[in-house]
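Going down the list, the sequences are from chains A and B. Under full-length UniProt numbering, the first residue of the first sequence is numbered 1, with each subsequent residue one higher. Under full-length UniProt numbering, the first residue of the second sequence is numbered 1, with each subsequent residue one higher.
It cannot be assumed that every hint is accurate.
Since the list can't tell identical chains apart, any single copy or any two copies may satisfy a pair.
Stated by the list, open to error - Below, in silico cross-link-like pairs of lysine-lysine (DSS-like), each with a Cα-Cα straight-line distance of 30 Å or less:
id: 1; residue 1: 344; residue 2: 27
id: 2; residue 1: 366; residue 2: 344
id: 3; residue 1: 344; residue 2: 30
id: 4; residue 1: 52; residue 2: 27
id: 5; residue 1: 360; residue 2: 91
id: 6; residue 1: 189; residue 2: 366
id: 7; residue 1: 360; residue 2: 344
id: 8; residue 1: 344; residue 2: 52
Rather than coming from a laboratory, the hints here were simulated on the basis of the structure.
Number of protein chains: 2
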Amino acid sequence: MSNPAPLRLGIAGLGTVGVGVIRIVRKHAKLIEERTGRPVAITAVSARNRAKDRGVDLKPYDWEDDPVSLATRDDVDVYVELMGGSDGPAKASVEAAIAAGKHVVTANKALLAHHGQAIAEAAEEAGVVLRFEAAVAGGIPVIKALTEGLAGNEITRVMGVMNGTCNYILTRMYDAELPYDVVFDEADKLGFLEADPQLDVGGIDAGHKLSLLSSIAFGTQVDFDGVELEGIERIQIADIEQAADMGYRIKLLGVAQMTGRGLEQRMSPCLVPAASPLGQLEGGTNMVVIEGDSVGQIVMRGAGAGEGPTASAVMGDVMDIARGITISTFGKAATALVETRPAKATVPAAYYLRMSLMDKPGALAKVAQVLGDAGVSINRMRQYGHDEGTAPVIIVTHTCTRAAVDEALAGLGTTGVVEGDPVAIRIEEV
Amino acid sequence: MSNPAPLRLGIAGLGTVGVGVIRIVRKHAKLIEERTGRPVAITAVSARNRAKDRGVDLKPYDWEDDPVSLATRDDVDVYVELMGGSDGPAKASVEAAIAAGKHVVTANKALLAHHGQAIAEAAEEAGVVLRFEAAVAGGIPVIKALTEGLAGNEITRVMGVMNGTCNYILTRMYDAELPYDVVFDEADKLGFLEADPQLDVGGIDAGHKLSLLSSIAFGTQVDFDGVELEGIERIQIADIEQAADMGYRIKLLGVAQMTGRGLEQRMSPCLVPAASPLGQLEGGTNMVVIEGDSVGQIVMRGAGAGEGPTASAVMGDVMDIARGITISTFGKAATALVETRPAKATVPAAYYLRMSLMDKPGALAKVAQVLGDAGVSINRMRQYGHDEGTAPVIIVTHTCTRAAVDEALAGLGTTGVVEGDPVAIRIEEV
Numbered sequence: 001m002s003n004p005a006p007l008r009l010g011i012a013g014l015g016t017v018g019v020g021v022i023r024i025v026r027k028h029a030k031l032i033e034e035r036t037g038r039p040v041a042i043t044a045v046s047a048r049n050r051a052k053d054r055g056v057d058l059k060p061y062d063w064e065d066d067p068v069s070l071a072t073r074d075d076v077d078v079y080v081e082l083m084g085g086s087d088g089p090a091k092a093s094v095e096a097a098i099a100a101g102k103h104v105v106t107a108n109k110a111l112l113a114h115h116g117q118a119i120a121e122a123a124e125e126a127g128v129v130l131r132f133e134a135a136v137a138g139g140i141p142v143i144k145a146l147t148e149g150l151a152g153n154e155i156t157r158v159m160g161v162m163n164g165t166c167n168y169i170l171t172r173m174y175d176a177e178l179p180y181d182v183v184f185d186e187a188d189k190l191g192f193l194e195a196d197p198q199l200d201v202g203g204i205d206a207g208h209k210l211s212l213l214s215s216i217a218f219g220t221q222v223d224f225d226g227v228e229l230e231g232i233e234r235i236q237i238a239d240i241e242q243a244a245d246m247g248y249r250i251k252l253l254g255v256a257q258m259t260g261r262g263l264e265q266r267m268s269p270c271l272v273p274a275a276s277p278l279g280q281l282e283g284g285t286n287m288v289v290i291e292g293d294s295v296g297q298i299v300m301r302g303a304g305a306g307e308g309p310t311a312s313a314v315m316g317d318v319m320d321i322a323r324g325i326t327i328s329t330f331g332k333a334a335t336a337l338v339e340t341r342p343a344k345a346t347v348p349a350a351y352y353l354r355m356s357l358m359d360k361p362g363a364l365a366k367v368a369q370v371l372g373d374a375g376v377s378i379n380r381m382r383q384y385g386h387d388e389g390t391a392p393v394i395i396v397t398h399t400c401t402r403a404a405v406d407e408a409l410a411g412l413g414t415t416g417v418v419e420g421d422p423v424a425i426r427i428e429e430v
Numbered sequence: 001m002s003n004p005a006p007l008r009l010g011i012a013g014l015g016t017v018g019v020g021v022i023r024i025v026r027k028h029a030k031l032i033e034e035r036t037g038r039p040v041a042i043t044a045v046s047a048r049n050r051a052k053d054r055g056v057d058l059k060p061y062d063w064e065d066d067p068v069s070l071a072t073r074d075d076v077d078v079y080v081e082l083m084g085g086s087d088g089p090a091k092a093s094v095e096a097a098i099a100a101g102k103h104v105v106t107a108n109k110a111l112l113a114h115h116g117q118a119i120a121e122a123a124e125e126a127g128v129v130l131r132f133e134a135a136v137a138g139g140i141p142v143i144k145a146l147t148e149g150l151a152g153n154e155i156t157r158v159m160g161v162m163n164g165t166c167n168y169i170l171t172r173m174y175d176a177e178l179p180y181d182v183v184f185d186e187a188d189k190l191g192f193l194e195a196d197p198q199l200d201v202g203g204i205d206a207g208h209k210l211s212l213l214s215s216i217a218f219g220t221q222v223d224f225d226g227v228e229l230e231g232i233e234r235i236q237i238a239d240i241e242q243a244a245d246m247g248y249r250i251k252l253l254g255v256a257q258m259t260g261r262g263l264e265q266r267m268s269p270c271l272v273p274a275a276s277p278l279g280q281l282e283g284g285t286n287m288v289v290i291e292g293d294s295v296g297q298i299v300m301r302g303a304g305a306g307e308g309p310t311a312s313a314v315m316g317d318v319m320d321i322a323r324g325i326t327i328s329t330f331g332k333a334a335t336a337l338v339e340t341r342p343a344k345a346t347v348p349a350a351y352y353l354r355m356s357l358m359d360k361p362g363a364l365a366k367v368a369q370v371l372g373d374a375g376v377s378i379n380r381m382r383q384y385g386h387d388e389g390t391a392p393v394i395i396v397t398h399t400c401t402r403a404a405v406d407e408a409l410a411g412l413g414t415t416g417v418v419e420g421d422p423v424a425i426r427i428e429e430v
């Protein structure tokens, strides 16, 4: 092979990930060329603040203030979008890049969760590649596994702990026996939280990721609005301890599966067996579990964020393009992706219920009656501790539908013996 | 796109994996075409016994008694070799397929461990694709992760528990408190063992797999002869229990890393922390751990064998070819793979030593002296139980080289206070 032309990158966004990509391209120039058969070079970069010292020398690269200008340069083959944001410059520049016939590699889960279908169709129409390994679960090559390695499977379920901040908070609450608020503040001080913390603790960020996995797994159009979102704010340390006592851990778990009624996507706190890989996941690490009809269960674990891991994912996509690998964004032609209706928690499960029961005669009997009327049968029940005038009670149900649980929760409010809102947490069989 | 031509497979070997591939191709014809953009069809098959009932209808396919004839048919685009064996018909037919310009997908670890370099060079020369996802860790898409998803990393270490039979035996010894011989016989009766059990319990099968991972990870020519092999036959239930008591599990663990002295590849029983993903792996499940300079540690876990998982891996490769993905067998041009010398356990570690110490005055002092002379310092020591005239003693060393341990073991034989051969098991930091 005689001196193949380099693949030329334009990188927009020079936060930790952008800087990480620059570092890899420099440090591993030889390795990259050996593996892909051609050099990978950076032509130009763009970011908000040109003056900022990022610890890497940017002089070798042209500077563009406007990412759209960067994305459409004649000397850019691949536009690497690392700015983030579901709209604004990220969306405009990605669209401009595609229109200009550039391949796109992005780490932007929000952009694709909201506009993935339109952007993938545009890329397909333009005959360019749009890849996003870095958008889901950081360094774990899960998009590749799902799209390519496991392509021979009908996927039956995808699960994931994909927000390291939430997993850090829940793990820390358990380890240090600290309440949610205290650990939340800790995480904030450590810089673990997004500017809008709801992106993390409200499950939005992880929900974005789940919606992208769902699309590939089930051949459906990305449907972030169809993700039932529930954050971790209502999890108390008592829940974590009671769950642990029964052999469970609480995780902010994403679950997607196709049901007879449509695509079910949930991102919510769940109890998972302490001895399972998901239950054993601690701190900021991510895990994705893929279940296929032939392969059974595949578990992938790794760093979900950070300069190195996320840049590694970006480079995986870039090197695929350098190798000439052209694959549909969501694993099949964008125009063939099916529009499905969202199914709201139709898959039955056992539930963990916590409520504050008043010291009144027959209180427990009333609770049992309401649950029974809703079709929720009790597997085990325990009272722990005692507050003034009320006692916290934990009930683990037998398998039932979420609708039955919701009916029971509504009914509990009318008994006059339950103080405040009861909490229901799904127990996911993993 | 107007009716693209089907990708036509010729499948040699109709054991569980071959049958599994046929089942997937039939069951998921639509899904496969949607994902790859073209149909995948089976033209012809070959196996030793035509009359055998395999539970699938073979009438739609031409039959070839000779796999070489199958591999070179004009109406075959991809030769799928699922017969196994490092030489004989597997090798002859793969070579014939390549010479005839066919792509090759194989699950044959022995063939590639012994002849991978020559076969990869031939494939490259012929401009065809040779892929082997199914040869390593069953359904886990680890070859793809290492070759493509993590391609931007310098790989620093690869580890794996990749022989389900050994892991079953070790797990079962621990759970049921049964000695090795009894569990070995159980595994044999359950059909878990290869015709030559040394392939399993001697670490050969897992060693084949490790040598293939090493080649991709380090860009080196496959060097199975460079794998230091040690089987699990000498592991006693006491070792497993003592290890557990100290917070470890014993696994047949493969470890490959590049050192200043060459490529170190070991497949041997190791102590790993009980709380680590490797330590928590039970039964027949496989796990591969990949460590890269940017990505950190990626852990992949799944079924290491069986019809569905292995066929899933074969189909991943087939569908890559249907999608037009052409990638070098070992991740870079075969002619660019480096010939490295094997390094024998140069990476230091702590070791677990078990010996049978005679009831003689000063026995322990002599042992300590020998270890000290060899440069092996003792971290902790314990005596457990007592046999007639001897006492089993466990010593955990501080980090030292394998050479120092070997010197100590040789020295122990000359003390006159150690009965039989001491056992040394590496404690791998994972």
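At most 30 Å between C-alpha atoms: does residue 360 with residue 344 qualify within a copy, between copies, both, or neither? neither (36 Å within a copy, 74 Å between copies)
Checking residue 344 and residue 52: alpha-carbon separation at most 30 Å within a copy, between copies, both or neither? Neither: 47 Å inside a copy, 48 Å across copies.
With identical chains treated as interchangeable, where does the CA-CA distance between residue 52 and residue 27 reach 30 Å or less: within a copy, between copies, both, or neither? within (22 Å within a copy, 56 Å between copies)
Homo-oligomer pair classification [residue 91, residue 360; C-alpha up to 30 Å]: Neither: 58 Å inside a chain and 80 Å across chains, both beyond 30 Å.
Classify it for me, residue 344 with residue 27: is the Cα-Cα distance of at most 30 Å met within a copy, between copies, both or neither? between (48 Å within a copy, 29 Å between copies)
For residue 366 and residue 344, with the copy left unspecified, which applies at a CA distance of at most 30 Å: within, between, both, or neither? within (28 Å within a copy, 71 Å between copies)
For residue 344 and residue 30, with the copy left unspecified, which applies at a CA distance of at most 30 Å: within, between, both, or neither? Intra 50 Å, inter 28 Å, cutoff 30 Å: inter-copy only.
At most 30 Å between C-alpha atoms: does residue 189 with residue 366 qualify within a copy, between copies, both, or neither? Intra 45 Å, inter 56 Å, cutoff 30 Å: neither.
When the structure is compared with the earlier hints, violations turn up for hints 5, 6, 7, 8 and for no others.
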